[in-house]
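Two chains, two frames, some hints: make the complex.
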Amino acid sequence: MATAAEPIEQVKQRIDLIANTKAREEVEAGAKLIDVREPHEWDEAHLEDAVHVPQGELLERIGDVAPDHSERIVLYCRTDNRSSRAADALQDLGYENVSVMRGGIVSWQDDGFPVVAAHELTPEQRMRYSRHTLLPEIGVEGQVKLLNSKVLLIGAGGLGAPSAFYLAAAGVGTLGIVDDDVVDETNLQRQVIHTTDRVGMPKTASAKASIEALNPDVKVVEHRTRLNAENVLDIISDYDVLVDGADNFPTRYLLNDASVRLRTPVVSASILAFDGQVSTFVPYAGPCYRCLYPVPPPPEMAPSCGAAGVLGVMAGVMGLLQANEVIKLVTGVGEPLVGRLLLYDSLGTRFTELKVKRDPDCPICGDHATEIPESEMGKFPDYEAFCAGEPVLR
Amino acid sequence: MPTVKIPPVLRPQTAGEAEVATPGSTVGDVLRSLAETHPGTHSQLFSDGGELNRYVNVYLNDEDVRVLDGLDTAVSDADTVMILPAMAGGQ
Chain W
1 MATAAEPIEQ
11 VKQRIDLIAN
21 TKAREEVEAG
31 AKLIDVREPH
41 EWDEAHLEDA
51 VHVPQGELLE
61 RIGDVAPDHS
71 ERIVLYCRTD
81 NRSSRAADAL
91 QDLGYENVSV
101 MRGGIVSWQD
111 DGFPVVAAHE
121 LTPEQRMRYS
131 RHTLLPEIGV
141 EGQVKLLNSK
151 VLLIGAGGLG
161 APSAFYLAAA
171 GVGTLGIVDD
181 DVVDETNLQR
191 QVIHTTDRVG
201 MPKTASAKAS
211 IEALNPDVKV
221 VEHRTRLNAE
231 NVLDIISDYD
241 VLVDGADNFP
251 TRYLLNDASV
261 RLRTPVVSAS
271 ILAFDGQVST
281 FVPYAGPCYR
291 CLYPVPPPPE
301 MAPSCGAAGV
311 LGVMAGVMGL
321 LQANEVIKLV
331 TGVGEPLVGR
341 LLLYDSLGTR
351 FTELKVKRDP
361 DCPICGDHAT
371 EIPESEMGKF
381 PDYEAFCAGE
391 PVLR
Chain C
1 MPTVKIPPVL
11 RPQTAGEAEV
21 ATPGSTVGDV
31 LRSLAETHPG
41 THSQLFSDGG
51 ELNRYVNVYL
61 NDEDVRVLDG
71 LDTAVSDADT
81 VMILPAMAGG
91 Q
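Chains W and C supply the protein sequences, listed in that same order.
Numbering (the working numbering) for the first sequence: 1 to 394.
Numbering (the working numbering) for the second sequence: 1 to 91.
Same shape as in the complex, but just chain C (with noise of 0.2 Å):
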């Protein structure tokens, strides 16, 4: 199964898992199922359309999905899926 890593700031919807290995074969099946086991992750990642957040940045190992086929991207199980928040933080 591929992993998702999770950034700190979604870890308290995933019980504190910082990777979790989700099923699925494209990017988007893969977030999908993340949020139906995880369903505090779901209004993070997901707009009400079911389009990913624009400010959710997404990586395929280490390819941002956004250059690739975005939600279509294929992903297989030794892949890891990257979930990354801007972050602010400077002081």
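For reference, chain W alone in the conformation it holds in the complex (with noise of 0.2 Å):
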């Protein structure tokens, strides 16, 4: 009978160890493979085929991941030590059949053996995303996704303020920021990631350095620059997601055109005074935005915020809502606004849901839109010549 003190030499004696080759063959074949290390271990890497049941937990568990006593069963821990013992504690409750994978995840790893690694979240990660990760919706694994994911925002303005930082507390590894101006005191009173002392500063610069103070997992990609025909496919197809704050109407053309292209989704959203509107565009799974607007609005129609005014507490709500739907996308949880248009009233508090649908005329995800072929790609209409004269004041 094994002890704790027994040393675990003397307990390996009683074990029938493995190499990880022939592990890996037996379980190809039908044997039970059974993790036993601590949870943090098994969210950090693990065997695909494996089940995970602590060491601490086994004796009362294995009644129910392996009800036969002679079942085939391969045990491993990080080295051998653990599941030696632990193997040998099976052998005396009449387990027959049970081997060790001698040198552990270690080894499997060291030989180049593939593993699970999606939950790889580090234990500071753990304590600072446990209130999502308690959410069984989106769990370690989206959390993970989170960390791995690549989400640009076009403006760092009204709507991206308050979408980046949310998103940088949430964990979205890489954000890049695409603006070309620099902070400026009217935009203080929405734009809450710029600060008094940034006025003058880059904007991108600016929410760098609070993105930074905030998490420091986030890795920020500047791009001080506006999208243009030239530049937009280049660099937007380094990301997953595409989050529309712009404040033109060409830019808002180019960017639909040019994601429909590489097939990103973009979450676009925009705001005038009381109201902002904001829909969520797959492409080809749901209309672009080209199929809801498809041509832009004469001036008159279309005030700037700089020259009609924004309430920020609004401008904070619908940049919330794309950051919303952005987690939504990147997590594959919930039903994004796809095809739903959402307009938020904030004077009445009220929220209208308008249908979408794709436009089998649309000129860029239409049934008849041409497949534009790898050299024209980035070549776009004019947009300057239909620019609506939007003034550059923000």
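Because the hints were derived from the structure by calculation, they are not lab data.
Only a predicted model underlies this, so the values are computations on that prediction, with no experimental measurement involved.
Worth double-checking, as some hints may not be accurate.
[To be verified] Straight line, CA to CA, 27 Å or less: simulated DSS-like cross-link-like pairs of lysine-lysine: (1) W:Lys-328 with W:Lys-219; (2) W:Lys-32 with W:Lys-12; (3) W:Lys-357 with C:Lys-5; (4) W:Lys-357 with W:Lys-328; (5) W:Lys-355 with W:Lys-328; (6) C:Lys-5 with W:Lys-355.
[Unchecked claim] Take a look, some chain W residues computed to stay more than 10 Å from chain C by CB distance: (7) Glu-9; (8) Glu-25; (9) Ala-29; (10) Ser-99; (11) Gly-139; (12) Glu-222.
The C-beta atom is built at its ideal place from N, Cα and C for all residues, glycine as well.
Here is the structure:
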């Protein structure tokens, strides 16, 4: 009978230790593979076909995991000490066909065999994101998806500032920010990622400073430019989700056309005075921006925030609705605003949802939209020509 | 009478009204009556040929009239006709 004090070498003499290559074959042939390590070790990385039963729970749970005492069982741990003691205990219980994988997951990985490393939160990350991982819909897996995701914000203004701030807090691993502007005093009423002492600083740099102070997990990529036909494909192709908070129609149409070509989803919102609109455009799964708005309105129908004013809090609400959409797209939970346009009237505190359908005649994503050859990629119509007279003032 | 929801950008033309009860049995009738009562809205809703401007989205309740029968879409008294402009503001 084994005791905890018995030297491990002595225990191992009673154990059938097998090479990882043999373990692999056995598992492929149907052997039950059990990982006896602690939950945080399992979360970091484990073998694909393994069942997780921590050593402390093994005797209690083995009856459920392997009711048949003659079942072929292979145990592993980090090296092979804990799994050897566990195997010894199982043999004492009457299990006849138990082996231990020599060298554990360490030698498995050293030999270049694959592991499921989706659950790779550090202890600090487990604390920081615990309120996410407690949600069964997100869990560690969803958090890891967020940490591995790359999200591009077009504009670090009224929409982009709150959106970027919360996406950074949520642990989106890479946040790109496109903005060629500098922080202005009139921005501070709503663009909460910027601060009074950063007036005059490029918005991308100011946003980066705030994000880095909030969450060191986030890598910020500054794109200190405006999107144009020459740079748009280059810039957006690195990202999984695009967040449109642009302040002008040419950029919105340009971004739409480029994102449809690359099949990258866009979470699009716009704000004016007390009103906001938000929708999620997933190319070919739903309508695109042009299906909703085939042509931009003339200048008198499209005043800018600079000219008309905007309630800062309303901008924040819309930016966070965008962030909410991004989280859902990245983690795959919930129901994104695909084919739906959500309107927010902050004075009435009313939300209205409208249906948006794919337009079969859409010049970009419709049935007859021509496939664009590689050489034509990045060549867009002259967006400046239909610029709706947005003043440069922001 | 059907209710027409006026977007903020058109409210200067409706004396600030956000909702205007407007008679009509089709979307076109309703919008034309609106333009008669509030002439300032006409040029923003209709082209010179009397067609709805392409940049104006009009919804009957939550459905885009473009996927229904356009200006010929039938409207009942309980319906809401919403005029929706594209907005570009983000900053």
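The hints, checked one at a time:
1. W:Lys-328 with W:Lys-219: holds (20 Å)
2. W:Lys-32 with W:Lys-12: Holds, at about 20 Å.
3. W:Lys-357 with C:Lys-5: holds (21 Å)
4. W:Lys-357 with W:Lys-328: Between Lys-357 of chain W and Lys-328 of chain W the Cα gap is close to 21 Å, so the pair holds against 27 Å.
5. W:Lys-355 with W:Lys-328: Given pair Lys-355 of chain W, Lys-328 of chain W holds - Cα atoms ~20 Å apart, limit 27 Å.
6. C:Lys-5 with W:Lys-355: holds (16 Å)
7. Glu-9: Correct as stated: the minimum Cβ-Cβ distance to chain C is 67 Å, above 10 Å.
8. Glu-25: holds (58 Å)
9. Ala-29: Holds, because the least Cβ-Cβ distance between Ala-29 of chain W and chain C comes to about 57 Å, which exceeds 10 Å.
10. Ser-99: Given that every Cβ of chain C is farther than 10 Å from that of Ser-99 of chain W, nearest at about 61 Å, it holds.
11. Gly-139: holds (33 Å)
12. Glu-222: holds (18 Å)
Of the hints listed earlier, there is not a single one the structure fails to meet.
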